[in-house]
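Listed in order, the protein sequences are those of chains A and B.
Per full-length UniProt numbering, residue 1 is the first one in the first sequence, and the count goes up by one each step.
Per full-length UniProt numbering, residue 1 is the first one in the second sequence, and the count goes up by one each step.
Derived from the structure by calculation, the hints contain no laboratory data.
No residue lacks a Cβ here, since even glycine has one placed at the ideal position from N, Cα and C.
Some hints here could point you the wrong way.
Claimed, not checked - Below, computed lysine-lysine pairings styled on DSS-like, alpha-carbon distance capped at 27 Å: (1) B:Lys109 - B:Lys138; (2) B:Lys113 - A:Lys8; (3) B:Lys138 - A:Lys46; (4) A:Lys130 - A:Lys4; (5) B:Lys113 - A:Lys47; (6) A:Lys47 - B:Lys109.
Claimed, not checked - Here are the in silico distance ranges between beta carbons for each label pair: (7) A:Lys23 - B:Ala116: 25 to 31 Å; (8) B:Lys138 - A:Gly121: 21 to 27 Å; (9) B:Pro150 - A:Ser20: 40 to 46 Å; (10) B:Lys109 - A:Asp42: 25 to 31 Å; (11) A:Asn49 - B:Lys138: 40 to 46 Å; (12) A:Asn76 - B:Trp149: 46 to 52 Å; (13) A:His65 - B:Gly122: 18 to 24 Å; (14) A:Ser159 - B:Val24: 34 to 40 Å; (15) B:Lys118 - A:Thr12: 26 to 32 Å; (16) B:Lys109 - A:Glu156: 55 to 61 Å.
Listed below are the residues making up each chain.
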Amino acid sequence: MFKKFDEKEDITGATQLKSSVQKGIRKKLLENFPHIEPYLEDILPKKENFKLIKCKDHVELLADHTGVVRFMKTRNTDFVPTLRTLHKYPFLLPHQQVDKGAIKFILNGSAIMCPGLTSPGAKLTATVPKDAVVAIMAEGKEHALAIGQMLMSSEEIQSVNKGYGVENIHYLNDGLWHLAEKSIN
Amino acid sequence: MSDNAEGDVAVVRPCLAPGPTEGVNYPLKVHYCGECSMPMEYCDYSGRTEACRTWATTHAPEALEGLSIDDNAEENEKKHQKRGGKGTSKPKDKKKSDWRLQTFEIDLKVATKLFAQKFACGSSVTGADEIVIQGDVKDDLFDLLPSKWPQITDDSIEDLGDKKR
C-alpha cells in the first residue's frame, strides 16, 4: 500500500487538530490497543499537539509534536502504529511469523502467502480474525518486518493453505518507512 | 458495513496482542543500519550487504556481535532507490515562510505576534520550529527579518519555494 508513497506527491495537507478531536483519537487508540496505556504518554504526549496528515487514497497519518509519523490509517483500517512505532512497542499488535523464504518477497512489498505462514519456520497465531491488523515477524529475527491485514482468519489460512493470507500494508524500506525516518514540516 | 468489522477487531484484539513483556523497558532501542535503514538483522536482505557491513563495523561494532551476516546469503541485486527531498504539500494563500528561527534564538511566540501585527494577518506557531503566516507576505518577510533581528543575514534566509505542508 505504501510501496510508492512519496511525501511530495501523496500528502495533500497537514492539520493541527482540535484538542477535542485529539482526545477522541487518543481514546480510540486506547480502545484498540489496551496495552498502549502506560506508553501513550511517551508516544503522543498530552501536553503537545499532534498533527493529522492527510494523504491520497484515504490515507491519514498521525505525526507527533516533533513531526515524526507514529500512526497511520488507511481506507480499510483504523489507526495502526507504523513500523517504527511497532519496533519500539512490539506488543501492540498480534504477531504472525513467516519463514525465512518469505522475507525477501515481503520486503519487496508482496502479500504474505498462506504457505509462508504454515511452514515449519513460521508461527501462526491462532484465532486472529479476518481483517485484523497484525505484525509480520520473521523466522530468526527479532523485529517486525511488515504490518499486514489478515485476508482470512488464522483457521482459514491453516486449512486453505493457498493463495494470499495477509495483505502487506507497510513494510521495511517502503515509502512510509522512509517518511517516518525524518520529521515532516 | 465497516462498523461490524471494526467492532470485531476492537473486541478480539486485546487477547491477541501479546502485551508488554515483564521486565523489559519500553520503548525498545532498535539498531538501524545507516546504509539500508532497516534493523541490522535485515541487512542480509538489503541488496547491498557489503555496504551495510562496512557501515556496521565502523559505526556499531558492538551491535554486530551475535549477528551473523552471511556474505552471499541473498543475491538480491535490486537497489532500492533512496528517497530524498524535503518539505511537502500545498500553499494556496497560506505561505509557510520560514523556520529554523530557533537556531537564531528567537522566541517563536514573539515572532508570530510581530508577523501578525506587521502583516495584518493570521500567524501561528504550528510546530517545534515552524510558523505559519496566512498571507502572501514572503517578500516583505525577507526585508523584515534582517532588520528586526540583526543576527539574521540575507544569506541565511533561503526561499524554499512553494512548498506544500
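Tested hints:
Only pairs whose Cα atoms come within 27 Å are accepted, and Lys109 of chain B paired with Lys138 of chain B is accepted, the gap being roughly 19 Å. A distance of roughly 30 Å separates the Cα atoms of Lys113 of chain B and Lys8 of chain A; the hinted pair therefore is violated under the 27 Å criterion. As the CA atoms of Lys138 of chain B and Lys46 of chain A are separated by approximately 34 Å, the hinted pair breaks the 27 Å bound. Between Lys130 of chain A and Lys4 of chain A, the direct Cα distance comes to roughly 26 Å. Compliance with the 27 Å bound is thereby established for this hinted pair.
Using a Cα cut-off of 27 Å, the hinted pair Lys113 of chain B and Lys47 of chain A holds, with the two alpha carbons roughly 22 Å apart. A distance of roughly 17 Å separates the Cα atoms of Lys47 of chain A and Lys109 of chain B; the hinted pair therefore holds under the 27 Å criterion. With their beta carbons about 28 Å apart, Lys23 of chain A and Ala116 of chain B fall inside the hinted range of 25 to 31 Å. With their beta carbons about 57 Å apart, Lys138 of chain B and Gly121 of chain A fall outside the hinted range of 21 to 27 Å.
Taking the beta carbon of each, Pro150 of chain B and Ser20 of chain A are about 42 Å apart, inside 40 to 46 Å as hinted. For Lys109 of chain B and Asp42 of chain A, the Cβ-Cβ distance of about 26 Å falls inside the hinted range of 25 to 31 Å, so the restraint holds. Checked against the hint of 40 to 46 Å, the pair Asn49 of chain A and Lys138 of chain B fails, with Cβ atoms roughly 25 Å apart. For Asn76 of chain A and Trp149 of chain B, the Cβ-Cβ distance of about 49 Å falls inside the hinted range of 46 to 52 Å, so the restraint holds.
Taking 18 to 24 Å as the suggested C-beta distance range, the pair His65 of chain A and Gly122 of chain B conforms, at roughly 21 Å. The hinted window of 34 to 40 Å between Ser159 of chain A and Val24 of chain B holds, with their beta carbons roughly 35 Å apart. For Lys118 of chain B and Thr12 of chain A, the hinted distance range of 26 to 32 Å is satisfied, since their beta carbons lie about 30 Å from each other. Between Lys109 of chain B and Glu156 of chain A the C-beta distance comes to about 57 Å, which sits within the given range of 55 to 61 Å.
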